[in-house]
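Asker: These are the residues of each chain, in order.
There are 2 protein chains.
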Amino acid sequence: MNRDVEMSRLSLNQITTENWSLKEAVDGCVRNDISAISIWRHKIAEIGLKESKHLIKSSGLNVSSVCRGGMFPASTASERQVRIDDNKRAIEETAELDGNVLVLVCGPSPDKDIQESRKWVKEGIESIIPFAEQHGVKLGIEPLHPMYAADRSVITTLGEANVLQASLGSKQVGVIVDVFHVWWDPFLYEEIKRAKGNILGFHVSDWKVPLPDIFKGRSMMGEGVIDIPRIRKAVEENGYHDFVEVEIINQEIWDRPGGETLQWMKNSFAKYV
Amino acid sequence: MNRDVEMSRLSLNQITTENWSLKEAVDGCVRNDISAISIWRHKIAEIGLKESKHLIKSSGLNVSSVCRGGMFPASTASERQVRIDDNKRAIEETAELDGNVLVLVCGPSPDKDIQESRKWVKEGIESIIPFAEQHGVKLGIEPLHPMYAADRSVITTLGEANVLQASLGSKQVGVIVDVFHVWWDPFLYEEIKRAKGNILGFHVSDWKVPLPDIFKGRSMMGEGVIDIPRIRKAVEENGYHDFVEVEIINQEIWDRPGGETLQWMKNSFAKYV
Numbered sequence: 214m215n216r217d218v219e220m221s222r223l224s225l226n227q228i229t230t231e232n233w234s235l236k237e238a239v240d241g242c243v244r245n246d247i248s249a250i251s252i253w254r255h256k257i258a259e260i261g262l263k264e265s266k267h268l269i270k271s272s273g274l275n276v277s278s279v280c281r282g283g284m285f286p287a288s289t290a291s292e293r294q295v296r297i298d299d300n301k302r303a304i305e306e307t308a309e310l311d312g313n314v315l316v317l318v319c320g321p322s323p324d325k326d327i328q329e330s331r332k333w334v335k336e337g338i339e340s341i342i343p344f345a346e347q348h349g350v351k352l353g354i355e356p357l358h359p360m361y362a363a364d365r366s367v368i369t370t371l372g373e374a375n376v377l378q379a380s381l382g383s384k385q386v387g388v389i390v391d392v393f394h395v396w397w398d399p400f401l402y403e404e405i406k407r408a409k410g411n412i413l414g415f416h417v418s419d420w421k422v423p424l425p426d427i428f429k430g431r432s433m434m435g436e437g438v439i440d441i442p443r444i445r446k447a448v449e450e451n452g453y454h455d456f457v458e459v460e461i462i463n464q465e466i467w468d469r470p471g472g473e474t475l476q477w478m479k480n481s482f483a484k485y486v
Numbered sequence: 214m215n216r217d218v219e220m221s222r223l224s225l226n227q228i229t230t231e232n233w234s235l236k237e238a239v240d241g242c243v244r245n246d247i248s249a250i251s252i253w254r255h256k257i258a259e260i261g262l263k264e265s266k267h268l269i270k271s272s273g274l275n276v277s278s279v280c281r282g283g284m285f286p287a288s289t290a291s292e293r294q295v296r297i298d299d300n301k302r303a304i305e306e307t308a309e310l311d312g313n314v315l316v317l318v319c320g321p322s323p324d325k326d327i328q329e330s331r332k333w334v335k336e337g338i339e340s341i342i343p344f345a346e347q348h349g350v351k352l353g354i355e356p357l358h359p360m361y362a363a364d365r366s367v368i369t370t371l372g373e374a375n376v377l378q379a380s381l382g383s384k385q386v387g388v389i390v391d392v393f394h395v396w397w398d399p400f401l402y403e404e405i406k407r408a409k410g411n412i413l414g415f416h417v418s419d420w421k422v423p424l425p426d427i428f429k430g431r432s433m434m435g436e437g438v439i440d441i442p443r444i445r446k447a448v449e450e451n452g453y454h455d456f457v458e459v460e461i462i463n464q465e466i467w468d469r470p471g472g473e474t475l476q477w478m479k480n481s482f483a484k485y486v
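These protein sequence lines are chains A and B, in that order. According to the working numbering, the first sequence holds residues 214 to 486 in order. According to the working numbering, the second sequence holds residues 214 to 486 in order.
There is no bait here: all hints are sound.
Intra- or inter-copy, both count: the list cannot distinguish identical chains.
Think about it this way: if two alpha-carbon atoms lie no more than 20 Å apart in a straight line, the pair counts; the simulated DMTMM-like pairs of lysine to aspartate or glutamate are:
| no. | residue 1 | residue 2 |
| --- | --- | --- |
| 1 | K479 | E436 |
| 2 | K256 | D240 |
| 3 | K429 | D364 |
| 4 | K325 | D440 |
| 5 | K446 | E219 |
| 6 | K484 | D326 |
| 7 | K429 | D468 |
| 8 | K479 | E219 |
| 9 | K236 | D468 |
Since the hints were derived computationally from the structure, they do not count as laboratory data.
This is chain A alone, in the form it adopts within the complex (with noise of 0.2 Å):
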């Protein structure tokens, strides 16, 4: 058993109960005593904000992110108009479900000019930074795996998304730590340092080998090769202190009930995180 984190700091994306409808994983957050679950858009849409929103609030359940906006790059610029005004859709809707931060996975290129594509991504956020003010919600910057790089997110390391946060200037946006994604990096705990006081989020799951798929790829923690306790005492050196989310993209651990995934993410979080 880990003491080092509190049970009280875990909690559920929603993503890795992707069988489950919103309301499905509320109730099972509440039965199994989780305290925050960090919600996901396709599921909200599933049954409209305000009933998400009656769901949330009465089962005293925090949000600890909604999931996701960013998406910019797009080669027109009506297109990236569009995304824009569904990163704002995406605000509203953090802001009614009090969620802490917008989740940003800020998309890919277009065409082969990913510096570019690079360039949309820091004039996306930096449009609706004055929208998430006004709203009281923040934006993360989610560095994706490079291996995402082509179809998911051109922001590949932390460093880039340290860089992209220092050029936008402002508070309201700051960067996500997914150990799945930046582990491998070299220059880590270098640029987990760099984002003192910017970090917005810290999501566990593990990187098992072989990797069983490219886009479901994550593992149950402790079943991969990261470190995930070094990392997590490095966000917290540099002053994150706030929820742990596990999420995991998995096929096989979609198809498991429900419960019983809340149950082993729950020991596994005791032992490995």
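Chain A is already provided as a structure; the job is to place chain B on it using the hints.
Answerer: What follows is chain B alone, placed relative to chain A:
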């Protein structure tokens, strides 16, 4: 047709025709007017070094590199010594074949302490530098894509390879730039500049979406998202004007007749490199 890159710079990295023996690959290159080859050690082992040398000499082919040394990290000192001894044999083979460079795939970590493994990589390379000097063989540190950090190489970015190269302080050691491994890197062009004068190899293939596989994930140039000419021009501006190896690990390509692959490779080289 891209007129910037001469067809005489094309080299067949032998893994692209994994279905072929060394003799078949050498004959294929000669038949298709390809002037260089990169040889894999498991193919040398099939027929022995003497026969391999005879094949290469009588063909008149250049040997752009030998693949591969490396694999330094191991949990015991005796096992690390076994790896170092194997690297010395690889250096001897490279010298016998008049190879320009031995490519180093540095190896995964035997445990969760990836930073310790990086030290073992450094120690391993340090210990073989004098032997490489005596044999006139250059050592090329190849950073691998971060998705291989857990099972192939703890050296994951060109930045990290540059730091390692500089810390070794020997002109016997340089870096290899493989577009598949580095294309996503936000600091790629700065790091290519930092590598100026130390670039010992340039490898091409492409990143297709979705990726067909993790290990066997590479595609023919032109099939994916990588801006290959831009990266090629950057390595040229920073002093590399030697062979361009086509290195593709892909089951579908391996299942084709080798001659067909070579024709396709030449066409794609002319159009997309």
